[in-house]
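Chemist: For reference, the chains in residue letters:
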Amino acid sequence: LAKTTQPISMDSYEGQEVNITCSHNNIATNDYITWYQQFPSQGPRFIIQGYKTKVTNEVASLFIPADRKSSTLSLPRVSLSDTAVYYCLVGDNTGANNLFFGTGTRLTVIP
Amino acid sequence: GAVVSQHPSRVICKSGTSVKIECRSLDFQATTMFWYRQFPKQSLMLMATSNEGSKATYEQGVEKDKFLINHASLTLSTLTVTSAHPEDSSFYICSAELASSYNEQFFGPGTRLTVL
Chain A
1 LAKTTQPISM
11 DSYEGQEVNI
21 TCSHNNIATN
31 DYITWYQQFP
41 SQGPRFIIQG
51 YKTKVTNEVA
61 SLFIPADRKS
71 STLSLPRVSL
81 SDTAVYYCLV
91 GDNTGANNLF
101 FGTGTRLTVI
111 P
Chain B
1001 GAVVSQHPSR
1011 VICKSGTSVK
1021 IECRSLDFQA
1031 TTMFWYRQFP
1041 KQSLMLMATS
1051 NEGSKATYEQ
1061 GVEKDKFLIN
1071 HASLTLSTLT
1081 VTSAHPEDSS
1091 FYICSAELAS
1101 SYNEQFFGPG
1111 TRLTVL
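Just so you know, the protein sequences line up as chains A and B, in that order.
The first sequence runs 1 to 111 under this note's numbering.
The second sequence runs 1001 to 1116 under this note's numbering.
Hints in this document: simulated from the structure, not taken from any laboratory.
Heads up, the beta-carbon is just placed ideally off N, CA and C, and yes, glycines get one too.
Among the hints, erroneous ones may be present.
[Stated by the list, open to error] Between beta-carbon pairs, the in silico distance windows are:
id, chain 1, residue 1, chain 2, residue 2, range
1, B, Ser-1015, A, Ala-66, 37 to 47 Å
2, B, Thr-1057, A, Arg-45, 19 to 29 Å
3, A, Ala-28, B, Ser-1015, 41 to 51 Å
4, B, Ser-1005, A, Ser-74, 30 to 40 Å
5, A, Asn-25, B, Gly-1016, 40 to 50 Å
6, B, Glu-1063, A, Gln-16, 22 to 32 Å
7, B, Ala-1072, A, Thr-72, 22 to 32 Å
8, A, Tyr-13, B, Pro-1040, 41 to 51 Å
[Claimed, not checked] Pulled a few chain A residues facing chain B out of the computed Cβ check, cut under 8 Å:
id, residue
9, Ser-41
10, Pro-44
11, Phe-46
12, Gly-50
13, Leu-99
14, Phe-101
15, Gly-102
16, Thr-103
17, Gly-104
18, Thr-108
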């Protein structure tokens, strides 16, 4: 099970791009990288998932270097409503390995 | 997207009573569901994996006789906290796995349990 390391917290002003990096040095060949967002007193919400290079959807981009030992979640032009905890998970999606939630990164967007 | 519901959203009970929490996948079938517990300002901790038609698999340190899990159908898993005590007060979250190439998990909204 690949352990992940993220910054505990980050602050950003509204309208800025936010990049949250996650380290996963022990990532296995079959592992995918998944990011979730969690608001207080709510369940986590899927943001994006990728295996390598770059993935983009309507809310975020995920950058994964060639060695896959880290990944960066990029949130373009954040707003106050993006204040949340962001979790990076690594696993092979067989149902048992991508369930370890690390500390997460608490993002606070400032007006 | 797939939706997972939990009921109740919050519950307050007296010490020594049992509380049942339901987790339902509303628009898909889930052979596997997961139960997590989250204390304030902390991350989610996996408690157990619930498999339809078979016994749940509990994580180390989680008492199976205290946290009873029943996955009776492909859309419903229940977690019963038996003889609850104040230290069981927490936010309980379930997730259901959508069988696909990514086996994506969808999370419920959580249940806030307060034991007096």
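Chemist: Could you tell me which of the numbered hints above are not met by this structure, giving the numbers in increasing order?
Modeler: Violated hints (numbers, rising): 1, 6, 7, 8, 12 and 18; every other hint is consistent with the structure.
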